[in-house]
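Undergrad: Throughout the sequence shown, residue numbering follows mature numbering (1 follows the signal peptide of the UniProt record, and there is no 0), covering -21 to -1, 1 to 261 in sequence.
Derived from the structure by calculation, the hints contain no laboratory data.
All of these numbers come straight from a predicted model, not from anything done at the bench.
None of the hints are false.
Distance ranges between label pairs, derived from CB positions:
#1 132 x 208: 15 to 21 Å
#2 191 x 165: 16 to 22 Å
#3 117 x 180: 20 to 26 Å
#4 181 x 66: 31 to 37 Å
#5 132 x 173: 47 to 53 Å
#6 247 x 72: 35 to 41 Å
#7 162 x 208: 23 to 29 Å
For glycine and all other residues, C-beta sits at the position ideal for the given N, C-alpha and C.
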Amino acid sequence: MNRLSRPIVLPLLLLALAACRDEAPRAPDTRAPQAAVESPDPAPPREPVELNDVVESDPRYIVGITYPPEVNRYPGLATELKAYSDAAREDLMQAVAGLDADGGSGTTMYDLALEYKVIADTPEIFAVAADGSSFTGGAHGAPLIARFVWLPQHDRLLTADALVRDPEAWRTIARYVREQLHAALSQRVDADDLEPAERERVVRSAGRMIDEGATPEADSFAEFEPVIGADGRVVALRFVFPPYQVGPYSDGVQTVEVPAGVLLPHIVEQYRPLFSDPSASQ
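Please model the complete structure; the sequences and the hints are all you need to start from.
TA: Pasting the structure below:
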């Protein structure tokens, strides 16, 4: 992300947890739904939450969570991040309880690795990326992918359903995103130099995942990052798709940048000042 990107060095503990295993169901979204807020007035004061890194180990499981210290400037955001982490840990502990009920894990150790990074920091927008995985059996960990876009002047999260409210607008955005994903798919398949029949099968299968995972509704585009220009305004939104949403696990996390020029006609009036307007410079 261009405005401020603060690299975080994970402990060796987290690096060890990052080893890939082969297949797991897509992790559920552990965040509570965020309702769109019409009023620009700040929310009522929240109880302060101090976020600190977590390193926890046990013969049955291991947990590693890292937070950038900057998030503590915004108590509301810190509360959101803690809720996400707590939900992920709760899922892990439920799986551990299942191990106990079955009489132990033998050589299997469950784990949770989660890293938060600041990806944008301006007076109007403070954005954080959460990336990690949770292993509770199977061939590899289930991905944990989330993005939090905080509006400091309004003391709340900016969500996709608050940003674009017209269902027809999501059709336009989804069409643009699907075109980019299909183009990237074709490039990957061409690079693999597959036999024609196998190429057709792969394109058909992965293309169906794209169409089903990028349907024209806010839920399909819930995870996004603001791309900040030199003037501090948003020049694009980078939509983030976890493994399994628009492709197989082997394709990893996929992203598509949608320029402000495509988005602006569909953004609600309240949030348009956050975006750079390409037409204004013409």
